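Protein chains in written order, with the working numbering: chain C, 22 to 477; chain X, 22 to 477.
Worth flagging that the hints you see were computed from the coordinates, not collected in a lab.
Hints are supplied without guarantee of correctness; some may be wrong.
[Said to hold, decoys possible] Pair ranges (Cβ atoms, derived):
#1 C:Val128 x X:Thr450: 27 to 35 angstroms
#2 X:Ala73 x C:Leu445: 53 to 61 angstroms
#3 X:Asp331 x C:Asp263: 32 to 40 angstroms
#4 X:Leu87 x C:Leu237: 51 to 59 angstroms
#5 X:Arg126 x C:Pro239: 52 to 60 angstroms
#6 C:Gly240 x X:Pro245: 26 to 34 angstroms
All figures in this text were calculated on a predicted structure; none of them were measured in a lab.
Using N, Cα and C, we set each Cβ at its ideal position, and we do this for glycine too.
The lines below spell out each chain.
There are 2 protein chains.
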Amino acid sequence: MIIVSHRGPYSFTRDADGSFVARRGGGGIVSSLLPLGASRPDLTWLAAAMTADDTEAMAAGAGDGLALGVRLVDLDPDLHHLHYNVVANQVLWFLFHGLFDRTRRPVFDIAFRAAWEAYAEVNERFAEAAADLAPPGETVLVQDFQLMLVPGMLRARRPDLRIAHFTHIPFCSADDMRMLPTDVARDLCASLASGPAGFHTHRWAAQYHDTARAVLGPGVSVRPPFVASLGPDIAALAAVADSAEGRTATRAVEDAAADRLVVARTDRIEPSKNIVRGFLAYDRLLEARPGLRGRVVFLASVYPSRQDLDEYARYTAEINEVVARVNDRWGTRDWHPVILDDSDHFPTSLAVLRRSDVLLVNPLRDGLNLVAKEGPACNRRDGVLCLSTEAGAYEELRDAAVTVHPYDIEQTAGALDDALTLPLDERATRASHLRRLATARTPADWLGDLVRHAGE
Amino acid sequence: MIIVSHRGPYSFTRDADGSFVARRGGGGIVSSLLPLGASRPDLTWLAAAMTADDTEAMAAGAGDGLALGVRLVDLDPDLHHLHYNVVANQVLWFLFHGLFDRTRRPVFDIAFRAAWEAYAEVNERFAEAAADLAPPGETVLVQDFQLMLVPGMLRARRPDLRIAHFTHIPFCSADDMRMLPTDVARDLCASLASGPAGFHTHRWAAQYHDTARAVLGPGVSVRPPFVASLGPDIAALAAVADSAEGRTATRAVEDAAADRLVVARTDRIEPSKNIVRGFLAYDRLLEARPGLRGRVVFLASVYPSRQDLDEYARYTAEINEVVARVNDRWGTRDWHPVILDDSDHFPTSLAVLRRSDVLLVNPLRDGLNLVAKEGPACNRRDGVLCLSTEAGAYEELRDAAVTVHPYDIEQTAGALDDALTLPLDERATRASHLRRLATARTPADWLGDLVRHAGE
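Start from the sequences and build out the full structure, keeping to the hints where you can.
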């Protein structure tokens, strides 16, 4: 089996003595698949070399001692920048999450055409590498929006392969898709439509199916997509929590929480995560419920990413501003209403999830949101989940979560209030129901579904 | 018959001697309906008093001498501000045109709840005034997004009336509508769904029908909407063109154009009109086609509105910047590539439409865009229309227009190039086809449709 994804399971750096060291890569796909990969000796992972060290390490044989087979595609840095930063992150991510400020963006000019050609070329390089690597009839599982053209390109090269594509982010409506240049929208839809295409939820699958048919027109048949939701890796979470580092983090979080009620969130800093409105709702909660002042603390593990892009740097500044405002308004000598942790330290994020009384997951739009399942799976306090209707996970968890309307601050403040004041017995019943729903699917279930659909 | 709209057909100001003078009001509804009103003695127009002068003029009997009956609803200025600027212009307009920068807006907080109550109260005041005014069985035609709750409220007060609502702007998808607080989305849809609701195009009518059913759920029946497109008032346009003011404007525009090819646009400065990308496309055209430099001029009648809102002031500044850039880049001592006219002087805009060789109408989203019909209806040069797929008028005019993709600058530049270089005989054939399509419907047809549907 071959997994094809933009980011690989490892990145390589040089040790003090010049030898290469493999580190586990970041991102949700890697953390879900890596434990599975170790138990599947037939698995090869094809990904982009992200740095010169990656390329040199592979050339020096550093990939040989790893728990699973890794092949890296070398890419010219300028080409890779256009593919990844310009097309994938600044156009497709914003399009599929509904984040464009349309008055100003997107603008599809001649510079975009060059970037689009780079996107197609990088996809072609992945298809070529997979075609070279795959024995006859092999299963090839292509991941996400950075590689949307790979399925079509690979099928053209190797009709014998069993290829599936899986999208981890939302899909957009036909009206939104038509914001792309006409040929770009068509190429993206045609590649996915040529075979099995999977999504975390029925909502995104249906949206994709409608959109692809509208964009491709009546002459082109679109294979009905499949739905395969991912679940948390409970054993891996437990191992982190029980490690020395995990226990240290747990103590630090306990100290920060003192005996207060804990509202928690853990997110990459990203506009779609709706972090600012979350703090506005908390501010409103403290205003409306004086009894909560001093008794509650918001532990927010939110860590920067993509800070080289203006939009992300600006959003980070807006988060810092609103947090400062809330702490200035309500804080006392002994109490910081919000404690922000931007360390991107997984054991700390996990300790926060375990300690939380209420977990706020309020995205504007989200493919799944694995945190919404990891939180309930590892929580130790019968914690309540306040979950946005716009998170993919809402489809599975809605019956046991408190619903959040992500644009409605008043409603969100009310949801937090409801969650904090739920009677103990109802908390317990709800938490056990939630735990059952959140752990109903494992990474192995998800991978099994992909393999099965690739073969159909 | 009673027409209910936010803005009335006249506004009143005081003369030097203190007596009141009526001036024709602005906006598309007024310019389309006023000529009809004069020929219908049974018509009363109910609108908001926009200023203290309006209120005082009506009290002093200034409405008596007008060509049609006018009643004004007096509103507290603070209440009116919340209704009109906050809810109608900053929320509903942005929602229905897809203009929110969702990372930051909308935020539905406690201040919005107060504004929403003001919106409902103003709508109730209109419903009350219409109920007081209407004889039994009267036809009442309620206009647009400022008064979306009026149909439901008026039906509750007066089940005997024949009430229709007509939306002049686009309608949004269910996913977008759910950005509103749940009860707000439901109230808006329920009011329209309770009776005949009309739209300019099948696209917005279908969108409304889908959205209202999704928002209201299976228990509520939604009346299928009707489609009634508006057309230009050709006689009124001709009267302006033939007036002394019109002839002066024509000469001024001829002088500005010299013997050059004229690309034209005429728009209120408004993000949905996509004015900046239009100039970016023109810039690209001059870059790609050196032969056009000095031979073409872009006459742009774009006039400011709502400049008290930050978003509009910012957009105006962005337009001025891109125009300065294009003129700096390509201009010579004898040639300004873009001539901007921000005077909001209708005879001048009309003279530009008549003189244009190519008319650019490239909105991001637009209910109809009457300019796309007025331009071809009055043009004297076999002008070509470059029309966005996202303008409502595209549904009727597509066969005779050159298609514009509003986000795709390369494509738009190519469309302008095609339009400028069309062979003369094809220009003539196309222009006559376009004129036929653009004038197929008159304001009287539109009003007749509304009256008929109100009675069904």
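Practice item. Look at the Cβ atoms of Arg126 of chain X and Pro239 of chain C and judge whether their distance stays inside 52 to 60 angstroms. Key: violated (38 angstroms)
**Study point:** Range hint compliance [Cβ, Asp331 of chain X to Asp263 of chain C, 32 to 40 angstroms]
**Key:** Violated, since Asp331 of chain X and Asp263 of chain C (Cβ atoms, about 52 angstroms apart) do not stay within the stated range.
Practice item. Could you see if the CB distance from Leu87 of chain X to Leu237 of chain C stays within 51 to 59 angstroms? Key: Check passed, 56 angstroms falls within 51 to 59 angstroms.
Check your understanding: In this structure, is the beta-carbon distance linking Val128 of chain C and Thr450 of chain X contained in 27 to 35 angstroms?
Key -> holds (34 angstroms)
Check your understanding: Do the beta carbons of Gly240 of chain C and Pro245 of chain X sit within 26 to 34 angstroms of each other?
Key -> holds (30 angstroms)
Point to revise | Range agreement (Cβ of Leu445 of chain C with Cβ of Ala73 of chain X, hint 53 to 61 angstroms) | key: Given about 59 angstroms between the Cβ atoms, the range holds.
Hint violations for this structure: numbers 3 and 5, all remaining hints satisfied.
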